[in-house]
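Asker: Chain residues, written in single-letter form:
2 protein chains.
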Amino acid sequence: MLGFPPGNFALYEVALSHRSSKEKFLESNERLEYLGDAILGAIVGDYLFKKYPYKTEGYLTEMRSKIVNRQQLNDIAIKMGLRKLTIYDKYNSFLKISQIFGNTLEALVGAVYLDKGYTKTQQFVHKRILMPYIDMDQLEAVEMNHKNKLYGWANKNGKTLEFELLEEQVDNGRRIFTVGAVVDGELICSGKAFNKKDASQIAAQQAIIQLGLTE
Amino acid sequence: MLGFPPGNFALYEVALSHRSSKEKFLESNERLEYLGDAILGAIVGDYLFKKYPYKTEGYLTEMRSKIVNRQQLNDIAIKMGLRKLTIYDKYNSFLKISQIFGNTLEALVGAVYLDKGYTKTQQFVHKRILMPYIDMDQLEAVEMNHKNKLYGWANKNGKTLEFELLEEQVDNGRRIFTVGAVVDGELICSGKAFNKKDASQIAAQQAIIQLGLTE
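Read top to bottom, the protein sequences are chains F and Z. Just so we're aligned: the first sequence equals residues 1 to 215 in the UniProt record's numbering. Just so we're aligned: the second sequence equals residues 1 to 215 in the UniProt record's numbering.
If you're looking for bench data, these hints aren't it; they were derived computationally from the structure. Only a predicted model underlies this, so the values are computations on that prediction, with no experimental measurement involved. For glycine and all other residues, C-beta sits at the position ideal for the given N, C-alpha and C. It is possible that some hints are incorrect.
Said to hold, decoys possible - Stretch-level coverage of chain F by chain Z, calculated; a stretch enters the list once three of its residues show a Cβ under 8 Å from a Cβ in chain Z: (1) 25-39; (2) 57-71; (3) 201-213.
Claimed, not checked - Chain Z residues, not near chain F, derived (Cβ > 12 Å throughout): (4) L2; (5) M80; (6) L139; (7) K159.
What the hints assert, rightly or not - DSS-like, lysine-lysine: derived pairs with alpha carbons at most 30 Å apart: (8) Z:K22 to F:K196; (9) F:K197 to Z:K66; (10) Z:K24 to Z:K116; (11) F:K159 to F:K149; (12) F:K127 to Z:K50; (13) Z:K116 to F:K66; (14) Z:K116 to F:K116; (15) Z:K22 to F:K50; (16) Z:K24 to F:K197; (17) F:K90 to Z:K196; (18) Z:K51 to Z:K120; (19) F:K197 to Z:K96.
Kindly produce the complete structure, drawing on both the sequences and the hints.
Answerer: What follows is the structure in structure tokens.
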């Protein structure tokens, strides 16, 4: 899975350990997940920066969040076989269908980074995560998850869903948009960002949490 | 300022160029800012991970956002002398007091990364940003900016400000808290997170945008 022999085995054991399997938090993967999340963000950020030399920063930011979002990372982790390797409380049937495997993947990136350094981690992420599991062309065509997901839920449940521009302000000469997610005519949540697209994604994301649709 | 001779000068010129000074977006520092933000996040993430081997992931996340938040980075950039080096529309008096210098700093980190690689950038960030300008002990004691700032505004304007727990849900066995920022008894904004502290910070941050207090 790694493409190289691990140096520090203990590190990888921690990376694979969900907190449901350990009493002490230092033995679970949450700290490594924090580290791996940051390292993965940098590596994917660099990758996209170089792959799309003529795209704006807004475009790169959106592409990155399509790659490193929770759902996507969890799907990749399962395809990589990390579900079987993750050590967790298997009597908790909730965890089985949850998104803890994406966290394992982030923790694994953190472990590789501590074990082998940045450049090796970059190679690992390119060869073992991005190349086999991310179809950039397809990703470019896809809207971000949150809005899609919310539309899917609305369709299935016979609700109307609209995104409405609630406000436009100016900050530092930059426009700030507030977009609301409106379900059956009722304002559920709103999001603020420097463009309408991001603002509506934030609104959708908050609405998903609000409505308990996070799985 | 860098501690080493730059290799690729053109890169640094782009890093110092605010979009108000350039017609083409590729000549301004926004793409480098995107890259530098990600690299800085990784380097600071790594730094805190190693500095605080017994702290939880929540603590590390909070400390990181205290370091890499917009206000803090802008303050550091000005102390480093980046205000004078930033190329921007100086007839725009708004930009002079704005936080575009923090963006220059992020873009500079991006330029160093492209010019010299990760390890050199790490040294640059440690020696030229963290060591001289970040007092970790003081930072540990400080509450995050957003709530403080909002309290400051409320005091100055004779408003009452309260943070109220609006809801508590369970997702993946993890609790999600919704905390509202209540000004003079009126709910202004809310935030969701896995702990009350973070949720109230998000609520405060959204309220600051909502109330137009972003400077």
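Asker: All hints are to be evaluated individually against the structure, with a verdict given for each.
Answerer: We went through each hint and held it up to the structure:
Remark: the stretch 25-39 of chain F is confirmed as covered by chain Z, as 10 of its residues place a Cβ nearer than 8 Å to a Cβ of that chain, reaching the required three. Proximity of the stretch 57-71 of chain F to chain Z, defined as three or more residues with a beta carbon under 8 Å from a beta carbon of that chain, is established by the 4 residues found. Coverage of the stretch 201-213 of chain F by chain Z holds. Counting CB-CB distances below 8 Å, 4 residues qualify, and the rule asks for three or more. The claim that L2 of chain Z lies off the interface holds: its Cβ sits roughly 20 Å from the closest Cβ of chain F, which is beyond the 12 Å cut-off.
At roughly 20 Å, the least C-beta separation between M80 of chain Z and chain F is larger than 12 Å, which holds for a residue marked as non-interface. Every Cβ of chain F is farther than 12 Å from the Cβ of L139 of chain Z; the closest lies at roughly 17 Å, confirming the non-interface assignment. Distance to chain F confirms K159 of chain Z as a non-interface residue, since its nearest Cβ pair spans about 20 Å, more than 12 Å. Between the alpha carbons of K22 of chain Z and K196 of chain F the distance comes to roughly 24 Å, so the proposed pair stays at or under 30 Å and holds.
With a CA separation close to 27 Å, the supplied pair K197 of chain F and K66 of chain Z stays within the 30 Å bound. Of the pairs offered as hints, the one joining K24 of chain Z and K116 of chain Z holds, with about 26 Å between alpha carbons and a cut-off of 30 Å not exceeded. Simply put, K159 of chain F and K149 of chain F have alpha-carbon atoms about 13 Å apart, close enough for the 30 Å limit, and the pair holds. Distance check on the hinted pair: K127 of chain F and K50 of chain Z sit about 27 Å apart at the alpha-carbon level, within 30 Å; holds.
Simply put, K116 of chain Z and K66 of chain F have alpha-carbon atoms about 28 Å apart, close enough for the 30 Å limit, and the pair holds. With a C-alpha separation of about 19 Å, the suggested pair K116 of chain Z and K116 of chain F falls inside the 30 Å cut-off, and the hint holds. As the CA atoms of K22 of chain Z and K50 of chain F are separated by approximately 21 Å, the hinted pair is consistent with the 30 Å bound. The straight-line distance between the Cα atoms of K24 of chain Z and K197 of chain F is roughly 22 Å, inside the 30 Å bound, and the hint therefore holds.
This hinted pair checks out: K90 of chain F and K196 of chain Z have alpha carbons roughly 29 Å apart, not beyond 30 Å. A hinted pair counts as satisfied when its Cα atoms are at most 30 Å apart, and K51 of chain Z with K120 of chain Z qualifies at roughly 19 Å. Taking the CA atoms of K197 of chain F and K96 of chain Z, the gap is near 29 Å; set against the 30 Å cutoff, the hint holds.
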